[in-house]
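**Q** Residue numbers (this note's numbering), protein chains in the order written: chain A, 92 to 532; chain B, 92 to 532.
All the pointers check out, no bait thrown in.
Any copy will do: because identical chains look the same in the list, a pair fits if it lies in one copy or spans two.
List of simulated lysine to any residue pairs, SDA-like, C-alpha gap at most 25 Å:
{"no.": "1", "residue 1": "Lys184", "residue 2": "Gln93"}
{"no.": "2", "residue 1": "Lys140", "residue 2": "Thr155"}
{"no.": "3", "residue 1": "Lys157", "residue 2": "Glu137"}
{"no.": "4", "residue 1": "Lys445", "residue 2": "Ala517"}
{"no.": "5", "residue 1": "Lys141", "residue 2": "Arg99"}
{"no.": "6", "residue 1": "Lys185", "residue 2": "Ser432"}
{"no.": "7", "residue 1": "Lys424", "residue 2": "Gly463"}
{"no.": "8", "residue 1": "Lys142", "residue 2": "Phe154"}
{"no.": "9", "residue 1": "Lys300", "residue 2": "Asn261"}
{"no.": "10", "residue 1": "Lys185", "residue 2": "Ala490"}
{"no.": "11", "residue 1": "Lys157", "residue 2": "His198"}
{"no.": "12", "residue 1": "Lys185", "residue 2": "Glu483"}
{"no.": "13", "residue 1": "Lys185", "residue 2": "Asp100"}
{"no.": "14", "residue 1": "Lys426", "residue 2": "Ala114"}
{"no.": "15", "residue 1": "Lys185", "residue 2": "Pro506"}
{"no.": "16", "residue 1": "Lys184", "residue 2": "Asn436"}
{"no.": "17", "residue 1": "Lys319", "residue 2": "Asn303"}
{"no.": "18", "residue 1": "Lys184", "residue 2": "Asp104"}
{"no.": "19", "residue 1": "Lys157", "residue 2": "Leu206"}
Simulated from the structure, these hints should not be mistaken for lab results.
There are 2 protein chains.
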Amino acid sequence: MQALPGFRDFLPDDCARRNYVFARWREVARRYGFVEWEGPPLEATELYKKKSGAEIVEQLFNFTDKGEREVALRPELTPTLARVVAAHEREFKKPIKWFSIGQFFRHEKQQRGRLREFYQLNADIIGEQTSPSEGDAEVIALSIDVMRSFGFKENDFAVRVSSRDFWVLNFLKPRFRGVVPYVETQTAFFQILDKLEREPDERADQQLKHFNTSRAEVHEFIQETNAKFASGDIDFHDKDISLGHLYRLFRSLEARGLSRFAELDLTVVRGLAYYNSIIFELYSRSKSERAIAGGGRYDFLIHTLFGVNLTALGFAMGDVVLGNLIDDTPHAKAKRDAWLSRDRNIDLYIVIAKEERRADALTQIQQLRERGYRVDYPLTPTKVARQFQAAEDAGASLALLYGDEWPQVKVKNLPTREESLIDHGALLDSVAKFFNAGSSA
Amino acid sequence: MQALPGFRDFLPDDCARRNYVFARWREVARRYGFVEWEGPPLEATELYKKKSGAEIVEQLFNFTDKGEREVALRPELTPTLARVVAAHEREFKKPIKWFSIGQFFRHEKQQRGRLREFYQLNADIIGEQTSPSEGDAEVIALSIDVMRSFGFKENDFAVRVSSRDFWVLNFLKPRFRGVVPYVETQTAFFQILDKLEREPDERADQQLKHFNTSRAEVHEFIQETNAKFASGDIDFHDKDISLGHLYRLFRSLEARGLSRFAELDLTVVRGLAYYNSIIFELYSRSKSERAIAGGGRYDFLIHTLFGVNLTALGFAMGDVVLGNLIDDTPHAKAKRDAWLSRDRNIDLYIVIAKEERRADALTQIQQLRERGYRVDYPLTPTKVARQFQAAEDAGASLALLYGDEWPQVKVKNLPTREESLIDHGALLDSVAKFFNAGSSA
Numbered sequence: 092m093q094a095l096p097g098f099r100d101f102l103p104d105d106c107a108r109r110n111y112v113f114a115r116w117r118e119v120a121r122r123y124g125f126v127e128w129e130g131p132p133l134e135a136t137e138l139y140k141k142k143s144g145a146e147i148v149e150q151l152f153n154f155t156d157k158g159e160r161e162v163a164l165r166p167e168l169t170p171t172l173a174r175v176v177a178a179h180e181r182e183f184k185k186p187i188k189w190f191s192i193g194q195f196f197r198h199e200k201q202q203r204g205r206l207r208e209f210y211q212l213n214a215d216i217i218g219e220q221t222s223p224s225e226g227d228a229e230v231i232a233l234s235i236d237v238m239r240s241f242g243f244k245e246n247d248f249a250v251r252v253s254s255r256d257f258w259v260l261n262f263l264k265p266r267f268r269g270v271v272p273y274v275e276t277q278t279a280f281f282q283i284l285d286k287l288e289r290e291p292d293e294r295a296d297q298q299l300k301h302f303n304t305s306r307a308e309v310h311e312f313i314q315e316t317n318a319k320f321a322s323g324d325i326d327f328h329d330k331d332i333s334l335g336h337l338y339r340l341f342r343s344l345e346a347r348g349l350s351r352f353a354e355l356d357l358t359v360v361r362g363l364a365y366y367n368s369i370i371f372e373l374y375s376r377s378k379s380e381r382a383i384a385g386g387g388r389y390d391f392l393i394h395t396l397f398g399v400n401l402t403a404l405g406f407a408m409g410d411v412v413l414g415n416l417i418d419d420t421p422h423a424k425a426k427r428d429a430w431l432s433r434d435r436n437i438d439l440y441i442v443i444a445k446e447e448r449r450a451d452a453l454t455q456i457q458q459l460r461e462r463g464y465r466v467d468y469p470l471t472p473t474k475v476a477r478q479f480q481a482a483e484d485a486g487a488s489l490a491l492l493y494g495d496e497w498p499q500v501k502v503k504n505l506p507t508r509e510e511s512l513i514d515h516g517a518l519l520d521s522v523a524k525f526f527n528a529g530s531s532a
Numbered sequence: 092m093q094a095l096p097g098f099r100d101f102l103p104d105d106c107a108r109r110n111y112v113f114a115r116w117r118e119v120a121r122r123y124g125f126v127e128w129e130g131p132p133l134e135a136t137e138l139y140k141k142k143s144g145a146e147i148v149e150q151l152f153n154f155t156d157k158g159e160r161e162v163a164l165r166p167e168l169t170p171t172l173a174r175v176v177a178a179h180e181r182e183f184k185k186p187i188k189w190f191s192i193g194q195f196f197r198h199e200k201q202q203r204g205r206l207r208e209f210y211q212l213n214a215d216i217i218g219e220q221t222s223p224s225e226g227d228a229e230v231i232a233l234s235i236d237v238m239r240s241f242g243f244k245e246n247d248f249a250v251r252v253s254s255r256d257f258w259v260l261n262f263l264k265p266r267f268r269g270v271v272p273y274v275e276t277q278t279a280f281f282q283i284l285d286k287l288e289r290e291p292d293e294r295a296d297q298q299l300k301h302f303n304t305s306r307a308e309v310h311e312f313i314q315e316t317n318a319k320f321a322s323g324d325i326d327f328h329d330k331d332i333s334l335g336h337l338y339r340l341f342r343s344l345e346a347r348g349l350s351r352f353a354e355l356d357l358t359v360v361r362g363l364a365y366y367n368s369i370i371f372e373l374y375s376r377s378k379s380e381r382a383i384a385g386g387g388r389y390d391f392l393i394h395t396l397f398g399v400n401l402t403a404l405g406f407a408m409g410d411v412v413l414g415n416l417i418d419d420t421p422h423a424k425a426k427r428d429a430w431l432s433r434d435r436n437i438d439l440y441i442v443i444a445k446e447e448r449r450a451d452a453l454t455q456i457q458q459l460r461e462r463g464y465r466v467d468y469p470l471t472p473t474k475v476a477r478q479f480q481a482a483e484d485a486g487a488s489l490a491l492l493y494g495d496e497w498p499q500v501k502v503k504n505l506p507t508r509e510e511s512l513i514d515h516g517a518l519l520d521s522v523a524k525f526f527n528a529g530s531s532a
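The whole structure should be built from the sequences, with the hints applied where relevant.
**A** Here you go:
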């Protein structure tokens, strides 16, 4: 009687929490002028192999379908995005600003913050034609404002921003002569960098020895760069060009009043190999969780996969780590719970005290629903006390009682317990006045 | 560069049309006091075999996962619903009124109105404890009001209502002595009934001969029953009990003012074997399409699958046939298109005429977005005329131009072409006045 391991049943409370997250994601992405799209949850396995290499298959729910196609449940959206924008490239003016909310699947070991299915917000900008920085600032600002829409504050989270091409350019310098020129050694170096804060010193030093450098030396380089970045002493057109991009990105965040949410952290490298420039991760300040969101620029991926030249950048935010963080952050939880209790409530409950009045009640119920009110009532003959209990449970504001008072109806304001008798013909007006709302439907 | 056969990419316009359908489904289900839930898209294959028999596997996207589990993409929601309510039975007061909007998968031959993935609204009432009819009327009324919310009128569609137990009770009578008493022969009879209108006469007669009856005789019986039903000459407590249920169901629809959308049609039998009482299908009056929705009562299924006694009834409506019908029905299409154009538009476009003003523009953009406005702007230096074109394309109501007029900003009402100069400090108030809206965020 259970779902598969790592899969969730969304009972009404869970589903409402999910919908709360979706509503914020959608609302903020649209404020930023992003337009919603969606891809299919099943794709050719080849699409993922082409992007991430054959090892990716270990993490996939993949199989051969009845038409002998190798297919997989999508583990991420980016390959589908690349496929779709490459196919429809000429139909859309650039830059394309698209977002999507969908479910993804990875056959991973279960642990806190990791299930086998999860939802993600993906937001991407495709085909922004010239200088980087502004687009990067736009998606980072979006990720920040999404977090703020959940009630998170600057003490709760931070965006750590880094740059892949900053490192690659510096690999050319004497200090990192051991890293140049092979992509493989660059990737190996990034892996060390990624773990620099987590691994014991000696181990990192041992690994860095292969690159003729050390933990101390890398740290020193990062400190120097941070100082240069803070002072703004940057040569925008030459050797510091990637640092210049980072600098302009932070100026854009500053103009937006959002720079307090972001910090330069050159140890951030992101696991996926296809990023080529600015990258970022969004973390809880308490560090108790995995990254809440991550993204960056992948200007060459669409060309690599489909031969179409389109710059690209974006980020993804999952629902699982985010949901845990909302649960653990009192002000975010309070904001969500207030929304949930408003969302859950119906408007009116119709109490049928005499079965002879059921048809009259149904006529009224229909008219109320047609005006857009949320209305419930007992499907079968039920004791009046139980009906009022059902009204309370459903969070109804008003109960209308159909009984001996007919052709008058008893109207009870459930929060205040006030009661009045209204002629049934005047009920709709009276209800409209109460909810201070016109008609809908 | 294509999606798998039978799978859809939802480009922005497609996604907006999908979201329009979802929004109506959700809104109307909630008006009826239904609460949203959702199950996982992947389940144990056994769940579907147990419900529908081993043949169902032919229609499934099923496979063995990396944990050696036999799993399948869900072809329908009912087995998951049965699993979830059986597992959580004690946590919810009855009747449970739940709805769900999700994606489903069937490995079928593609044809108009049939893809390999589709979305469905499912709405079910579980554990309504006593007499049928009212719950049935509630879900049928919901299906009607969902259709009306798309702008469909009584000339566009009808609900055909029938009853499984009406037939089963009549199989006991001399006229249908050939059908009694085996479930297998009943099922065979239902299959003939289902095709009665579609098959050539001789073939139906040949098949009905096995049951010692004929097409003419079955028709006569249906006509007699229709006449009895119309006159209301029904013995509610004895041999006509199932006709009595149908009769009360129609009285409930009548009280709601919805009976013009429904008709008794005893040739409707529904393909799935688990229905036990009232069943219904929602059709386009033009008959050009497959059923738009279908449902009924399946009081024994949850017990059969999970040993828990819970009555149940509900319906499902798919998005594909519905979408085709909206496309083909001018007033429904006009209603959708009006919604789409409102939904698509952004509120403001910020024109950056001088790059020196970009930071000032970004500050304003952020403040506008924080107040809930949808705002877009050029990420890179762009000719002013192209920016205004982008503003028009995005359906912006206002353009704010940052240029030589600074610290004043040129405000252009795009529909009317009116322009004015506003001091940048007064912009937010001015914009708020224009949109006649308070703050959000």
